[in-house]
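All chains, full assembly: derive it from the sequences and hints.
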Amino acid sequence: MKLQDSTLESWLAENLHPGHCPHYQIQSSQNPERAVQHFKIAATAGEYNSMHELLRTFNEGFVKRVAIDAILIAYNNACAEMRSEENAIDTLEMHEI
Numbered sequence: 001m002k003l004q005d006s007t008l009e010s011w012l013a014e015n016l017h018p019g020h021c022p023h024y025q026i027q028s029s030q031n032p033e034r035a036v037q038h039f040k041i042a043a044t045a046g047e048y049n050s051m052h053e054l055l056r057t058f059n060e061g062f063v064k065r066v067a068i069d070a071i072l073i074a075y076n077n078a079c080a081e082m083r084s085e086e087n088a089i090d091t092l093e094m095h096e097i
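The opening residue of the sequence shown carries number 1 in the numbering used here; numbering runs sequentially from there.
Calculated directly from the structure, the hints in this document are not laboratory data. Glycine residues also receive a C-beta, built at the ideal position from the N, C-alpha and C atoms. Heads up, some of the hints might be wrong.
Stated by the list, open to error - Quick list of simulated restraints, FRET-style, between CB atoms:
(1) Asn87 to Gly61: 11 to 21 Å
(2) Asn31 to Arg65: 15 to 25 Å
(3) Ala88 to Gly61: 37 to 47 Å
(4) Gln30 to Lys64: 31 to 41 Å
(5) Glu33 to Ala78: 20 to 30 Å
Here's what the structure looks like:
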């Protein structure tokens, strides 16, 4: 199943961070394969802009579905872990009061 342009555009409109840097572009890289590898590593660590760029390039056919599925799972796991750490810190701070 390939993401439709309108679906991706609406997701990006809802989730695009104001600090998104337009210079993060795989196609403009001199070595796009290497750029994709760097974006994959950053996205699996939970970096939003890298995930955004990979989704965009997936929609354009530069990243395969199998790869994007694995990256999305790792990205979501990293984000969930960060949220749980934030919640744990908030809970500790509440108990200290």
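Earlier hints that do not hold, by number: Hints 1, 4 are the ones this structure does not satisfy, whereas the remaining hints hold.
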